[in-house]
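Could you build the full structure based on these sequences and the hints that come with them?
Protein chains in written order, with the numbering used here: chain A, 1362 to 1453; chain B, 82 to 174.
It should be emphasised that the hints constitute simulated quantities derived from the structure, not laboratory data. Treat the numbers as computed from the prediction; the structure is a model and nothing was measured. It cannot be assumed that every hint is accurate.
What the hints assert, rightly or not - In silico EDC-like links for lysine to aspartate or glutamate, alpha-carbon gap of 16 Å or less: (1) A:Lys1435 <-> B:Asp108; (2) A:Lys1435 <-> B:Glu155; (3) B:Lys135 <-> A:Asp1436; (4) A:Lys1381 <-> B:Asp162; (5) A:Lys1435 <-> B:Glu130; (6) A:Lys1381 <-> B:Glu110; (7) B:Lys106 <-> A:Asp1383; (8) A:Lys1381 <-> B:Asp108; (9) A:Lys1374 <-> A:Asp1441; (10) B:Lys114 <-> A:Asp1445; (11) A:Lys1400 <-> A:Asp1436; (12) B:Lys114 <-> A:Asp1439; (13) A:Lys1449 <-> B:Asp91.
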Amino acid sequence: MLFYSFFKTLVGKEIAVELKNDIALEGKLHSIDQYLNIKLLDTKVSDPERYPQLVAMTSVFIRGSVVRYVVIAKDDVDVDLLQDAARKTAAS
Amino acid sequence: MTTECREPLDLIRLSIDERIYVKCKGDRELRGKLHAYDQHLNMVLADVEETVTKQDTDEETQEAIIRTAKRSHEMLFVRGDVVILVSPPLRTT
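Now the structure itself:
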């Protein structure tokens, strides 16, 4: 549940999601669930020339299991709080 | 605070706030500072350098060409199911 709580603090922030099929999307995090499924609003495709069929989308639901990375702004993260939570809950 | 190492995940716990090396599926490697992880090996890393290794074959000589591409991110969440191994950084870097 650690990263579920972590992502809940990022709701409303701009993130970039890179999927395992190499598609990269940017947008505002609308919501997250326990499986780390992501709902993104005002979605932009990072490479519109390669994937023109995605340009028309505005809001997307991404299954958590297809995500490779989520790129976040450093300022959006409380590093000390995150490390503390990891030390307490990780590997328990 | 637990410093006893009972299982492999406890070893990773020792690396929180330290730089680590992560080998990932798809011939990718990450080097960054570990901020958080969980039992799935989902991780949050900061000041990350990602190295992607691609292998091409030269059309004329049929030699294997190895190319690497690097990218940097200031803060990255990595999904655990792409992680192969986690280690302290290799001394050559």
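The hints, checked one at a time:
Our distance criterion of 16 Å between C-alpha atoms is broken by Lys1435 of chain A and Asp108 of chain B, whose separation comes to about 26 Å. Of the pairs offered as hints, the one joining Lys1435 of chain A and Glu155 of chain B holds, with about 6 Å between alpha carbons and a cut-off of 16 Å not exceeded. Taking the CA atoms of Lys135 of chain B and Asp1436 of chain A, the gap is near 33 Å; set against the 16 Å cutoff, the hint is violated. Of the pairs offered as hints, the one joining Lys1381 of chain A and Asp162 of chain B holds, with about 10 Å between alpha carbons and a cut-off of 16 Å not exceeded.
For a cut-off of 16 Å, the pair hint linking Lys1435 of chain A to Glu130 of chain B stands: about 15 Å separates their Cα positions. Between Lys1381 of chain A and Glu110 of chain B the CA atoms are separated by roughly 15 Å; this keeps the pair inside 16 Å, and the hint holds. Distance hint between Lys106 of chain B and Asp1383 of chain A is fulfilled; the C-alpha atoms sit about 13 Å from each other, no more than 16 Å. Between the alpha carbons of Lys1381 of chain A and Asp108 of chain B the distance comes to roughly 13 Å, so the proposed pair stays at or under 16 Å and holds.
With a C-alpha separation of about 19 Å, the suggested pair Lys1374 of chain A and Asp1441 of chain A falls outside the 16 Å cut-off, and the hint is violated. Only pairs whose Cα atoms come within 16 Å are accepted, and Lys114 of chain B paired with Asp1445 of chain A is accepted, the gap being roughly 15 Å. This hinted pair does not check out: Lys1400 of chain A and Asp1436 of chain A have alpha carbons roughly 21 Å apart, beyond 16 Å. About 14 Å separates the Cα atoms of Lys114 of chain B and Asp1439 of chain A, which keeps this hinted pair within 16 Å; it holds.
Taking the CA atoms of Lys1449 of chain A and Asp91 of chain B, the gap is near 11 Å; set against the 16 Å cutoff, the hint holds.
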